[in-house]
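Number of protein chains: 2
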Amino acid sequence: MALNTRKTSRLLTPFAQQIRRYAAPGEGTVPPSKKKYVPTSGTYPVGFVVSSTHVGVKASNTRFDDLALVASETPCSGAAVFTKNKFQAAPVTVTRDMLKRRGGKGIRAVVVNSGCANAVTGRGGIEDAVKMGEETDRWFDGEKDDGLGSRSVVMSTGVIGQRLPIQKILSKIPAAHSTLGSDHDHWLATARAICTTDTFPKLLSRSFTLPSSPNTTYRMAGMTKGAGMIHPNMATLLGILCTDAPISPDPLQSLLTAAIDKSFNSISIDGDTSTNDTVALLANGAAGGKPIVDTSSPDYAAMQETLTSFATDLAKLVVRDGEGATKFVTIRVTNAASYTDAKRVASTIARSPLVKTALYGKDANWGRILCATGYAEGVDSVIPDQTSVSFVPTDGSPELKLLIRGEPEAVDEARAAQILEAEDLEILVRLSEKKGEEAVYWTCDFSHEYVTINGDYRT
Amino acid sequence: MALNTRKTSRLLTPFAQQIRRYAAPGEGTVPPSKKKYVPTSGTYPVGFVVSSTHVGVKASNTRFDDLALVASETPCSGAAVFTKNKFQAAPVTVTRDMLKRRGGKGIRAVVVNSGCANAVTGRGGIEDAVKMGEETDRWFDGEKDDGLGSRSVVMSTGVIGQRLPIQKILSKIPAAHSTLGSDHDHWLATARAICTTDTFPKLLSRSFTLPSSPNTTYRMAGMTKGAGMIHPNMATLLGILCTDAPISPDPLQSLLTAAIDKSFNSISIDGDTSTNDTVALLANGAAGGKPIVDTSSPDYAAMQETLTSFATDLAKLVVRDGEGATKFVTIRVTNAASYTDAKRVASTIARSPLVKTALYGKDANWGRILCATGYAEGVDSVIPDQTSVSFVPTDGSPELKLLIRGEPEAVDEARAAQILEAEDLEILVRLSEKKGEEAVYWTCDFSHEYVTINGDYRT
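Here the protein sequences come in this chain order: A and B. Residue 460 is where the first sequence ends in my numbering, and the numbering goes up by one at each step. Residue 460 is where the second sequence ends in my numbering, and the numbering goes up by one at each step.
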């Protein structure tokens, strides 16, 4: 039996060195190669305050902040998108109900714990999530009770099938409220508090303008965490985006839904979808200017472009931190009969273990890319002798053609090896010679470390 | 950058020891743990002869047989099922056309080379596949030319995007014909010749009877190869089944199609589907008895049961030899609203990298199983609070319940660890409390060795 050999090999030094430390979120020791993705300053939206607090949701976490609070100083518009998994965690159910009940109006805060997902926890879990929201509300003075219940978005990430230590969490919400602040250090610490197996906090901010108020500067900030799931956790993709632009709830939801489709729903670490995935967007209008009240204005279109681009940059950070990832791979499928076909092909390539292990091995294996293109489900428009595959280097040098209209090229192996040495790579699949629809997906490779992380024993 | 660390770690001894030797098919050194799956005798169908011959399709292969020939002594019925990949290899196209042209009648042989897949090779590749079939035909004397062209099924497996060394292959077909024989050693050598990255040859045989001829003994033999794809190969699932029962082409095709759906189409190594996958079934009627000419007879039903069971046992051998596999996992989904729903859920669990790495880590991670159940695409009938998950040991001891109607059980970790130590395991997912449809899938785990094998540089 090979089992003993295998068991031993997993404990050997090279893997041990690569293993992430799971004990606590926000470990703080960012790997040197990831430091460039952690901002040292930012431009944050007016009227939002944030904080991070230590609870110790996991008993083993005695040091690191695991409670995050993001609040608007005034009631604001809120929207969210959720996992499509049939097994939805309690905070997903509670937040969805809350936004529906309020019509996305009068939202005050997002409260997040890491360390426990509050998933598959039955009725008790629902009650815990409701309590987290209500206790958060209580600290925003002067809010008149409008009979619509909680005003807080609730998120949880961490171990599945365990109840939250709810009293510990509730007892720390006053501290979370009293330490709210708006400077860069507050935002970065808050972004760190939502992490689980992430190796670096994921935070972005930017300024923008809208056509109807060209002299008004708006700001947007967002934090996210990923990526992949780590046992016995079901780690989760969470995102919290805030803007001081004035946007009504209805257009806010449609802006977010469209932006997520091309960003957070266009990334893949391992193809698994967690029970807790949630991305929320708050807009408090604190910067003034003309409100966006419907989907027909030029402001709406401009806002869509800004939001989609911003959400895409945030989502890419999740891929950068994919469990065990050594590569950041853009998969671009062009000249497709429809956007749906293009996205299905891109998604199938992004999820193929054979493509992902070849990328880990720095191997110009166009055969596996072609093969995944050919078995994408629900796609009828793939025609072998019209399909071309190239590697596109991200340094601006010319693409390396691997397959042209179904015919293999004689590949310059030295050039291929050079391209594959880089961390970043684009795989370009043209489904025809005619102009058509395009979809982009972002993914990472499958490494030994992925197996080590996800095959590890519970501790 | 972590790249150098990673690169070094891949060259360390524990992996090097586990790496399969890719240089040639039929290496012959079966790992000790797999020896029990290689038969030392068999009962083979009357009127079939087989052989294996060395060609050296890969220039580096100077020793191992890589050409297999399976022939019926008389013209027989033939049927086949093929990959659904859009990029179909030349032998797939040529064989499909041949069977259609002949209506599955008058088939004489199956000719297979390993070492080169003849895939994505354009018009020249088609011509090569046609030549392989025609040259094979030529050696079956006395065959009158009926104007319908070749009578041979052609299969190839190995590197993609390269032309076959067709002259070398054609020059060895006379030798393949002259060494045809029907004893166990012939069958085993032939099963070995179709292998690529397989660690053991996969051959089964059995006897059976049919209701209308209770005193006639029929025999069936089959060989197959898998599993997963190895760079720069696109290894392929091939299967060749022969029986001396008398079955007309139409019922033969429907028997095979139904059997494959519950056997070869219910296994997953890595979720990738190759360009060359082909399973062929020949029936020469040499054992006599009443012919099966339609789908309505009791003989047909009995034959279906025998064939499905036989094909399932063959398909399971492919999973036993999954690249890097340390576990053999049966996924049984019961009490479903439909067979399709059950199969989609089973397939989704079987393909989840998180489930597969947890199994490698011997981890009772029901959360990942539940999560995969919840994101199975196209399934509307999953209801969280009616879903139960158990581990079923294969030693006959009682099941270990992990989740009952959506509520987590307090898991006996010692018992779970004991169950997960075994090579074989069944995961049982009950989608409701009501009797319903059932689907079974077989899969293996994802190990470091899988990544090593598939991330390896081309040599």
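Don't take each hint at face value.
Repeated chains share a single entry, so a pair holds when one copy, or any two copies, can fit it.
30 Å max Cα-Cα, derived BS3-like pairs, lysine-lysine [stated by the list, open to error]:
no.	residue 1	residue 2
1	K87	K132
2	K145	K36
3	K402	K317
4	K435	K85
5	K436	K85
Don't read these hints as lab results, they were simulated from the structure.
Outcome of the hint check:
1. K87 x K132: Within. Shortest intra-copy distance 24 Å satisfies the 30 Å Cα cut-off; inter-copy 53 Å does not.
2. K145 x K36: neither (44 Å within a copy, 75 Å between copies)
3. K402 x K317: within (25 Å within a copy, 39 Å between copies)
4. K435 x K85: between (34 Å within a copy, 25 Å between copies)
5. K436 x K85: between (32 Å within a copy, 27 Å between copies)
The structure is inconsistent with hint 2 alone, although it conforms to all the rest.
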